[in-house]
Each structure stands twice: as structure tokens, then as C-alpha cells.
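*Asks:* The lines below spell out each chain.
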Amino acid sequence: MPSLNRMVAPEITDPIDFDLTLQPYQSYTLDNNVPVYSIHAGTQEVVQVEWVFDAGNWQEEKKLVAAATNFMLKNGTSQLNAFSINQKFEFYGAFLSVQCHIETASITLFCLHKYAALLIPVVAEILTNSIFPEDELKTFRQIQIQKLKVNLEKCDFVANRMIDAYLYGENHPYGSMSGLDAYEALIREDLQTFFHRYYLNGHCQIFVSGIIPKSMDHLLNHSFGQLPLNQQELPKKEHFKKAEKEKKHRIIQDEKGVQAAIRMARSFPNKHHPDFPKATVLNNILGGFFGSRLMANIREEKGYTYGIYSYFKNYFAESEWLISTEAGREVSEATIIEIHKELEKLKQEPVGEDELYLVRNQLMGSLLSRLDGPFEIMSRWKNYILNGLDIQYFNQSIEVIKTISSQELQELANKYFSGDPFYELTVI
Amino acid sequence: MINFKKFILDNGLRVIVHEDHSTPMAMVNVLYDVGAKDEDPEQTGFAHLFEHLMFGGSLHIPSYDEPLQIAGGQNNAFTTDDLTNYYCQVPAKNLETAFWLESDRMLSLAFSEESLEVQRKVVCEEFKEHYINKPYGNAWHLIRELSFQIHPYRWMTIGKELSHIEKARMEDVKSFFKKHYNPMNAILAIGGHVTFDQVETLAKKWFGNIPPGEKYIRHLPEEPEQKEARKKEVYEEVPLNALYKTWHIPGRMDQGYYAIDLISEILSGGNSSRLYESLVKKKKLFSSISCYHFGNVEPGLISIEGKLVPGVKMQDAENAVEEELDLLKSHLLEDQELQKVKNKTESITVFEDMSIMSRATNLSFYELMGNANLMNKELEKYQSINIDHILESAQKTFKEENSNTLYYFKK
Numbered sequence: 001m002p003s004l005n006r007m008v009a010p011e012i013t014d015p016i017d018f019d020l021t022l023q024p025y026q027s028y029t030l031d032n033n034v035p036v037y038s039i040h041a042g043t044q045e046v047v048q049v050e051w052v053f054d055a056g057n058w059q060e061e062k063k064l065v066a067a068a069t070n071f072m073l074k075n076g077t078s079q080l081n082a083f084s085i086n087q088k089f090e091f092y093g094a095f096l097s098v099q100c101h102i103e104t105a106s107i108t109l110f111c112l113h114k115y116a117a118l119l120i121p122v123v124a125e126i127l128t129n130s131i132f133p134e135d136e137l138k139t140f141r142q143i144q145i146q147k148l149k150v151n152l153e154k155c156d157f158v159a160n161r162m163i164d165a166y167l168y169g170e171n172h173p174y175g176s177m178s179g180l181d182a183y184e185a186l187i188r189e190d191l192q193t194f195f196h197r198y199y200l201n202g203h204c205q206i207f208v209s210g211i212i213p214k215s216m217d218h219l220l221n222h223s224f225g226q227l228p229l230n231q232q233e234l235p236k237k238e239h240f241k242k243a244e245k246e247k248k249h250r251i252i253q254d255e256k257g258v259q260a261a262i263r264m265a266r267s268f269p270n271k272h273h274p275d276f277p278k279a280t281v282l283n284n285i286l287g288g289f290f291g292s293r294l295m296a297n298i299r300e301e302k303g304y305t306y307g308i309y310s311y312f313k314n315y316f317a318e319s320e321w322l323i324s325t326e327a328g329r330e331v332s333e334a335t336i337i338e339i340h341k342e343l344e345k346l347k348q349e350p351v352g353e354d355e356l357y358l359v360r361n362q363l364m365g366s367l368l369s370r371l372d373g374p375f376e377i378m379s380r381w382k383n384y385i386l387n388g389l390d391i392q393y394f395n396q397s398i399e400v401i402k403t404i405s406s407q408e409l410q411e412l413a414n415k416y417f418s419g420d421p422f423y424e425l426t427v428i
Numbered sequence: 001m002i003n004f005k006k007f008i009l010d011n012g013l014r015v016i017v018h019e020d021h022s023t024p025m026a027m028v029n030v031l032y033d034v035g036a037k038d039e040d041p042e043q044t045g046f047a048h049l050f051e052h053l054m055f056g057g058s059l060h061i062p063s064y065d066e067p068l069q070i071a072g073g074q075n076n077a078f079t080t081d082d083l084t085n086y087y088c089q090v091p092a093k094n095l096e097t098a099f100w101l102e103s104d105r106m107l108s109l110a111f112s113e114e115s116l117e118v119q120r121k122v123v124c125e126e127f128k129e130h131y132i133n134k135p136y137g138n139a140w141h142l143i144r145e146l147s148f149q150i151h152p153y154r155w156m157t158i159g160k161e162l163s164h165i166e167k168a169r170m171e172d173v174k175s176f177f178k179k180h181y182n183p184m185n186a187i188l189a190i191g192g193h194v195t196f197d198q199v200e201t202l203a204k205k206w207f208g209n210i211p212p213g214e215k216y217i218r219h220l221p222e223e224p225e226q227k228e229a230r231k232k233e234v235y236e237e238v239p240l241n242a243l244y245k246t247w248h249i250p251g252r253m254d255q256g257y258y259a260i261d262l263i264s265e266i267l268s269g270g271n272s273s274r275l276y277e278s279l280v281k282k283k284k285l286f287s288s289i290s291c292y293h294f295g296n297v298e299p300g301l302i303s304i305e306g307k308l309v310p311g312v313k314m315q316d317a318e319n320a321v322e323e324e325l326d327l328l329k330s331h332l333l334e335d336q337e338l339q340k341v342k343n344k345t346e347s348i349t350v351f352e353d354m355s356i357m358s359r360a361t362n363l364s365f366y367e368l369m370g371n372a373n374l375m376n377k378e379l380e381k382y383q384s385i386n387i388d389h390i391l392e393s394a395q396k397t398f399k400e401e402n403s404n405t406l407y408y409f410k411k
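Chains as they are written, first to last, in my numbering: chain A, 1 to 428; chain B, 1 to 411.
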């Protein structure tokens with residue numbers, strides 16, 4: 001056997017040469033114009049159906065109403081109490097999850113596809129006949145208050161809330177912070193009104209993925225096609241940002257705390273802005289993956305933290321660019337200094353060709369893996385559709401990964417990192 | 001049904017191949033038969049610290065991560081009480097890169113002092129982040145020490161105390177590597193868009209000439225049967241009182257495991273489960289409660305933990321938990337309830353199997369348990385459980401003398 005040279009890496013195909021495609025969705029509308037998007041793919045006999053409503057906290061008049069309404073959907077209809085609802089799904093090994101986001105709220109059913117026909121009508125029952133029982137609301141309030149009390153002891157939780165509030169103001173949906181009093185103030189009528197407006201007569205889109213049973217179109221139309229959805233214009237809500245003037249904040253809430261939660265953030269345009277795909281590459285270099293500069297310097301060289309990342313939080317109207325880590329208390333200020341050094345370096349020096357080559361390949365490889373599987377494909381499409389984007393965005397993002405130059409990246413760093421634009425917070 | 005083929009290299013390395021051509025990816029999973037249970041009681045947290053050092057460069061390759069990232073790959077690893085598992089996912093076209101990297105670090109690490117120095121700090125920060133700087137972060141540390149007197153499940157995977165990690169020396173690292181990291185003590189599983197022939201060729205090429213090493217024979221101290229209930233109370237800076245209880249249960253491959261697993265689902269799998277419905281919703285004694293186990297290979301623990309609603313007395317909360325357990329010990333459950341938890345088990349399996357990563361990791365785990373094909377027998381084993389088994393298992397497990405209780409009071 002010829003001797004093996006372990007010093008030399010095996011040949012690879014550069015992921016930048018991959019021809020990545022996004023499987024197109026099928027779409028149609030129900031009788032009431034509710035659009036349905038579907039991806040039929042996968043090898044396992046499972047299906048995911050997600051109903052997305054314009055019912056996030058952007059729409060609420062009073063704090064927590066959107067989240068409470070969404071959560072309470074599983075807690076009682078005129079026909080079924082909370083236990084029976086849960087029992088219906090859990091008996092078939094299905095999972096019904098509800099999530100409330102900023103601009104939208106959703107209900108998602110995960111089940112073996114053989115049970116879809118039995119369970120979809122139960123989702124319709126929830127969407128038409130939820131009654132928000134007083135007793136359930138009381139339990140919800142009490143449980144949430146206790147959860148919040150525990151969370152408020154965690155420096156990372158507190159830091160996550162505060163940094164958003166500095167950027168947008170604590171009454172803006174993007175920065176919204178609610179205290180124990182907001183839970184106390186929730187009343188049943190708030191939920192009923194919100195439900196009536198934003199679910200029952202609301203705006204809905206349906207996303208289906210997995211191995212989809214043939215009867216799905218009929219099932220959805222039968223259960224949802226006759227409901228008064230997507231018939232009326234929803235009220236247009238406006239919110240005004242109220243950013244904190246002071247950018248640097250240090251909070252000590254636990255004298256004995258051994259770590260500091262560090263957050264830095266600035267606002268950034270939404271995905272429609274031409275800088276967005278480019279900034280994704282810049283972000284990756286800065287702190288977007290395990291081999292990023294922040295990770296290499298602050299974890300792998302200095303050992304100040306278990307992990308440090310930078311990322312975007314995307315909203316419909318804009319984005320938030322964040323850097324986040326939990327670092328040893330005694331090295332937290334040193335960590336912030338290093339973060340600033342890394343930002344400065346991106347402004348001063350062009351990214352080297354070797355590093356850029358690695359990052360391009362890494363991004364393409366990770367994209368390939370994130371296009372694997374029906375739920376992943378649909379999740380990407382859903383994001384595009386809700387944000388008013390199309391396949392162009394996907395193709396353009398790939399083009400940017402393949403072609404962006406060191407010079408463009410440096411210009412971008414200068415455009416967005418100059419003039420101390422980041423809010424800076426540590427919570428101990 | 002997960003299809004696979006298996007072969008063993010001359011040096012003892014077991015190789016599992018699972019072809020799935022519906023994905024463009026390949027998964028390379030390397031499981032080492034060493035976990036926190038194999039640690040010296042004076043050097044706990046070592047298996048996990050070692051996992052970090054596996055990324056600090058190997059004999060011929062200064063950086064593990066960079067070449068993998070260039071090939072479009074991603075990786076991670078985890079350490080449990082029982083094993084250490086490394087996985088990397090690459091575009092299938094670049095499969096060989098993963099073989100190159102994984103084989104070189106099985107051959108030998110670079111043993112860099114600098115990497116040890118830094119990773120000691122990183123792991124200490126990880127320790128602080130999850131177990132010191134979080135409310136209730138030390139609960140499992142306390143409950144393990146209460147529940148086990150001599151078995152190494154006494155300590156957490158992260159380690160008993162920070163000082164054990166701070167004291168780790170290079171000579172310990174080297175001897176740990178020699179003892180546990182070799183073909184005789186490893187399982188390689190490859191899944192995804194690969195062929196058996198391709199894997200066989202690559203495995204021989206990259207792993208074939210690694211010296212076999214010695215098979216590690218485990219002699220763990222056996223935990224004596226618990227004969228008396230143990231209780232402990234602590235006062236900490238937390239917002240709510242909490243109750244933790246554990247009972248000893250059989251190991252992962254014991255027939256008794258399956259009934260226990262289903263019992264944990266009956267008690268707290270979802271919002272239609274017994275503990276949630278009765279103690280959170282109806283009696284409003286707890287704001288959260290759950291029952292779970294870690295699926296430990298050796299006999300381990302099933303646990304119930306809950307946070308009390310303010311004003312509720314600890315004793316009342318505990319009595320209510322005991323009442324639910326008494327119910328399980330004195331009444332056969334309805335067939336429908338058993339069917340529910342079996343359906344859920346089936347469903348979880350199908351969802352888990354969507355991920356090629358989960359398939360490759362599971363195949364490695366079952367091979368460690370004796371035979372990768374055990375993975376395909378699991379559902380049958382669950383199906384064979386009947387209501388009498390559940391009753392017997394509950395009676396055998398939830399005995400006062402088999403219990404450990406931690407009262408976690410707010411200061």
C-alpha cells in the first residue's frame with residue numbers, strides 16, 4: 001500500500017462551485033382566498049401544516065394581548081376543554097405548537113401524515129370556537145408571572161430585553177418589554193376582541209410541507225375555505241421608535257454574579273436593502289460561525305467565553321445587528337475592548353483572500369445543508385413570502401457569496417461600524 | 001426501518017454505513033466509548049474537557065476546523081455520562097475531508113499546551129454559564145450526590161467543581177487519549193449520499209493503519225441497592241421553591257427501561273399528561289412540573305421536578321406528587337392512555353429519523369450497546385409493553401426507600 005501523506009488535504013470540490021437551487025413551492029387558494037403554499041418532499045411519512053396570521057404584538061393595543069391570545073388558543077373552545085384539545089393531538093403522537101412573533105403569530109401542526117385528516121378539523125375548531133376560559137387565563141397569568149420571575153434572575157434574559165428596548169423603546173413592538181404588571185392587567189375581553197379581529201376575521205396564510213396526503217387540498221378547503229378569513233382589510237398600525245440617547249450601559253443586578261451578559265446592537269435595514277445580502281457575509285466573518293473572528297479571538301485565543309456570536313434579528317420593517325456573549329465577570333470589559341478591535345480591524349484592513357475563500361465555502365456548505373428536508377425548504381420560503389421576497393433574493397444571495405470582494409466588505413464595514421453606532425450593555 | 005451495513009477493520013474499528021441518496025450531504029459520526037462515568041473522582045469533568053481539546057489540532061493537521069469549513073462542512077460534539085460523540089456534516093462530494101480529519105485525530109492529537117490552557121478557561125466559563133450563574137443551576141449537582149453514593153453518576157458531565165478542570169495537566173490529557181481514543185474503543189458511522197464501497201475504501205485508507213490500542217475494560221463500582229429514603233434541603237437565592245425527587249431505574253438495555261420510559265410520558269409528556277393536568281391545572285400546586293430520565297446506559301434515575309406556586313407548602317406539594325404515583329401503583333391504566341404514549345413514541349422516532357445526523361448518531365449508539373440493528377427493534381419493544389408491565393414497574397420504582405428528595409427553598 002502506498003504510504004499515506006496525512007499532511008496534505010484530500011482534494012475537494014469548492015462549495016462556491018455548487019449550483020444551489022431552491023425547490024419551488026406549489027400554491028393555490030382556498031374558496032375564501034386564503035393562500036396555501038406547499039412543498040412535497042422528504043422520505044419520512046410526516047407532514048407540517050402552519051397557519052400564519054397577522055396577529056403579532058405589532059397589532060396589539062395593550063401589552064401581551066397578542067401572545068396571550070395565541071397561547072390560549074389551545075385552552076378551550078365551546079366544544080372542547082384544554083385537556084380534550086391536548087388529548088386529541090397527543091393521542092396521535094402529534095404536536096400542536098403556537099408561536100407569537102412580532103408581526104405574525106402562528107399555529108403549527110406536526111403529525112404523521114396518516115393522521116392529518118383527523119387533526120386538521122380540530123385546528124379549525126380552535127380557530128373558530130376558542131372561548132378563552134377565565135379559569136385558564138388565571139392559570140396562564142400565574143404560570144407566566146412565575147416564569148418571568150425566574151427569567152429575571154438570569155443575566156442573559158435581562159440583557160436580551162434591555163438591548164432591544166434601548167434601540168426601539170420599550171413600548172415599540174421591536175423593543176417591547178413587559179413586566180409582571182402587564183400579566184396582571186390581562187383580561188379576558190382583551191383576548192376575545194383580539195381573537196375576533198385578528199384570527200376569526202383575520203388574515204391567514206397556510207404553509208404545508210412533508211409528504212403531503214393527496215386529500216390535503218380538499219381537507220384544508222373543507223375546514224378553512226368557508227371561514228371569514230382574508231375578507232377585510234386589517235387596521236394599519238403605526239409605531240414610533242424611541243431610541244435611548246445613552247448608548248453605553250452597565251447593570252449589576254446580582255452582586256455575586258460570576259458572568260456578564262454582553263450585548264451590542266445597532267439597527268440595520270431590512271432584507272430588501274441591497275446591503276443586506278452583503279452584510280450577511282460580513283457578519284459571518286465577524287461572528288457568524290465557529291471560525292469567525294470574534295470566536296477565534298475571544299474564545300479560542302483568550303478563553304474569555306464559552307461562545308460569542310453576531311447575528312441579525314429580522315423584522316418586516318428593519319433588522320437589528322447584534323453581538324452577544326456571556327463572558328467571565330472579570331474579563332467582561334476586556335471582551336468589549338476586543339469586540340471593538342475586531343470591528344475596527346474590519347474597517348481598516350481588507351479581508352484576506354484565504355479567509356474570504358473559506359467564508360464563501362463555509363456559507364455555501366451551510367446553505368446546502370439548510371436546504372435539506374421539506375421543513376427546511378418551507379421555512380426558507382415562508383420567510384421570503386412573509387417578507388415580500390421571491391426566488392430572486394435566494395439567487396442574489398448566492399451570487400453575493402460567490403462574488404463579493406474584499407473591497408466591498410471593507411466599504412460596508414466603514415459604512416456600518418463607523419461613529420460608534422452600537423449600543424453596548426453588560427448585565428451581571 | 002433504517003438500513004445499514006457494517007464491517008470491522010483489522011484494527012478493531014467498527015464501521016456502519018447507512019446510504020440515503022435523497023440528501024446531498026454526508027454525515028460522519030465518531031463515537032468514543034468513554035464518558036464522565038469513566039473519570040477519576042478527583043478529576044471529574046475530564047471527558048468533557050477532553051472533547052474540547054479534540055479541536056485543538058492533531059498530529060499532522062494544525063487546525064481541525066479550517067479545512068472542514070473550506071470543504072463546506074460543519075461539526076460539533078457532545079459528552080454524556082456514558083460516551084463522547086463527534087459528528088461532522090459535509091457536502092457528500094467532500095466526504096474524504098472528514099475521513100482525513102477524523103482519522104488524524106484518532107491517530108494522535110497535537111497535545112498543544114496553549115490549547116489546554118485556553119480550553120480550561122472556556123470550559124470554566126461554560127460551567128459558570130450553565131451551572132453557577134443560573135437560578136437552580138446547582139440542583140442536579142446536589143441531587144446526583146444525594147442519589148448515588150459510589151457510582152460515578154454522582155457527578156455531572158461538566159465536573160464536580162471548577163478546580164478539577166483548572167488542575168488538568170498535559171500528562172493527564174495524554175494518558176486519557178491513550179486509554180480511550182483508539183480504534184478498539186470507537187465506532188465510525190457514515191450516513192447520507194455515500195456508497196458502501198466508497199466508505200469501505202476510504203475507511204481502509206484513512207483509519208486502516210491506526211494502531212488498534214487496547215480495549216478498555218470498564219470496572220465501575222456498583223451502586224448498592226438503596227434501602228432508605230434520603231432527603232436534603234437547601235436555601236438559595238431563587239424566586240420560587242422547587243421540589244426534586246429521583247428514584248433508581250434499570251439501565252438503557254434492560255427490558256425494564258421501556259416501561260419506565262413510557263411512565264415518564266404518562267406522567268409528563270405533553271399538556272394532557274397526568275402531572276400537568278392534575279398538579280398544575282386542577283390543583284394549582286405547581287407552576288411547572290416534569291418527569292424525565294437521561295436514558296443512561298448503567299442503572300440511572302427517573303426524576304420529577306417542579307416549581308411550587310407561591311404560598312403552597314412543600315409538604316402539600318410533595319404529597320400531591322405521591323398521590324399521583326400511588327394512583328399509578330394501585331390502578332391499571334386505561335388501554336387508551338397506554339396507546340397514546342406508544343403513539344407518541346412512534347411519532348417521535350419518525351420525526352427524529354428525518355435527520356441524517358440523528359440516524360448516524362443513533363446507529364453508533366446502538367452499535368455501542370451491542371448491535372446497530374437494535375435501533376430497528378426499539379418500537380417492537382415499546383409495543384410489547386402492556387398495562388401490567390406499567391403497574392409492576394411503577395410499584396417497583398416508586399417506593400419510599402428507593403427515593404431521593406431535594407427541597408430547594410428560596411432564601
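Hint data in this document are derived by calculation from the structure and do not stem from the laboratory.
Quick caveat: nothing in here was measured; it's all calculated off a predicted structure.
Incorrect hints may appear among the rest.
[As the list claims (entries may be wrong)] Okay, the calculated beta carbon distance ranges per label pair:
id, chain 1, residue 1, chain 2, residue 2, range
1, B, Glu-42, A, Asn-387, 27 to 33 Å
2, B, Ile-348, A, Pro-24, 47 to 53 Å
3, B, Ile-8, A, Pro-24, 30 to 36 Å
4, B, Leu-220, A, Gln-396, 53 to 59 Å
[What the hints assert, rightly or not] Straight line, CA to CA, 20 Å or less: simulated DMTMM-like cross-link-like pairs of lysine to aspartate or glutamate:
id, chain 1, residue 1, chain 2, residue 2
5, A, Lys-402, B, Glu-117
6, B, Lys-284, A, Glu-134
7, A, Lys-147, B, Glu-337
8, A, Lys-149, A, Asp-254
9, B, Lys-282, B, Glu-324
10, A, Lys-154, B, Glu-113
11, A, Lys-302, A, Glu-320
12, A, Lys-237, A, Glu-408
13, A, Lys-114, B, Glu-346
14, B, Lys-121, A, Glu-330
15, A, Lys-302, B, Glu-337
16, A, Lys-302, B, Glu-346
17, A, Lys-88, B, Glu-337
18, A, Lys-302, B, Glu-237
19, A, Lys-62, A, Glu-103
20, B, Lys-205, B, Asp-10
Just so it is clear, CB atoms sit at the ideal spot from N, CA and C, and this is done for glycine as well.
*Asks:* Decide if the proposed pair is consistent with the structure: A:Lys-154 and B:Glu-113, CA atoms, cutoff 20 Å inclusive.
*Replies:* Answer violated: A:Lys-154 to B:Glu-113 is near 34 Å, above 20 Å.
*Asks:* If you check the beta carbons of B:Leu-220 and A:Gln-396, does the distance land in 53 to 59 Å?
*Replies:* Holds, at about 57 Å.
*Asks:* Quickly compare the C-alpha distance for A:Lys-114 and B:Glu-346 to 20 Å and report which way the hint goes.
*Replies:* 13 Å, holds
*Asks:* In this structure, is the beta-carbon distance linking B:Ile-348 and A:Pro-24 contained in 47 to 53 Å?
*Replies:* 31 Å, violated
*Asks:* Has the given pair, A:Lys-302 with B:Glu-237, been kept, meaning a C-alpha gap of at most 20 Å?
*Replies:* Violated. A:Lys-302 to B:Glu-237 sits at ~31 Å, over the 20 Å cutoff.
*Asks:* Would the pair A:Lys-88 and B:Glu-337 pass a check requiring their Cα atoms to be no farther apart than 20 Å?
*Replies:* 12 Å, holds
*Asks:* Just to be careful, I want the Cα atoms of A:Lys-147 and B:Glu-337 compared with a cutoff of 20 Å; is the pair within it?
*Replies:* Roughly 29 Å between the alpha carbons, so the hint for A:Lys-147 and B:Glu-337 is violated.
*Asks:* Check the hint pairing A:Lys-302 with B:Glu-346 against an upper bound of 20 Å on the C-alpha distance.
*Replies:* Status violated; Cα separation ~46 Å.
*Asks:* For the range 30 to 36 Å, tell me whether the beta carbons of B:Ile-8 and A:Pro-24 fit it or not.
*Replies:* For A:Pro-24 against B:Ile-8, whose Cβ atoms are near 45 Å apart, the range 30 to 36 Å is violated.
*Asks:* Is the straight-line distance between the alpha-carbon of B:Lys-121 and that of A:Glu-330 20 Å or less?
*Replies:* With a Cα-Cα distance of about 13 Å, the restraint between B:Lys-121 and A:Glu-330 holds, given a limit of 20 Å.
*Asks:* A:Lys-149 and A:Asp-254: Cα distance at most 20 Å?
*Replies:* Roughly 14 Å separates the two Cα atoms, so the pair holds.
*Asks:* Is the Cα-Cα distance between B:Lys-282 and B:Glu-324 20 Å or less?
*Replies:* Since the Cα atoms of B:Lys-282 and B:Glu-324 sit roughly 13 Å apart, the hinted pair holds (cutoff 20 Å).
Comparing the model with each numbered hint stated earlier shows that hints 1, 2, 3, 5, 7, 10, 11, 12, 15, 16 and 18 do not hold.
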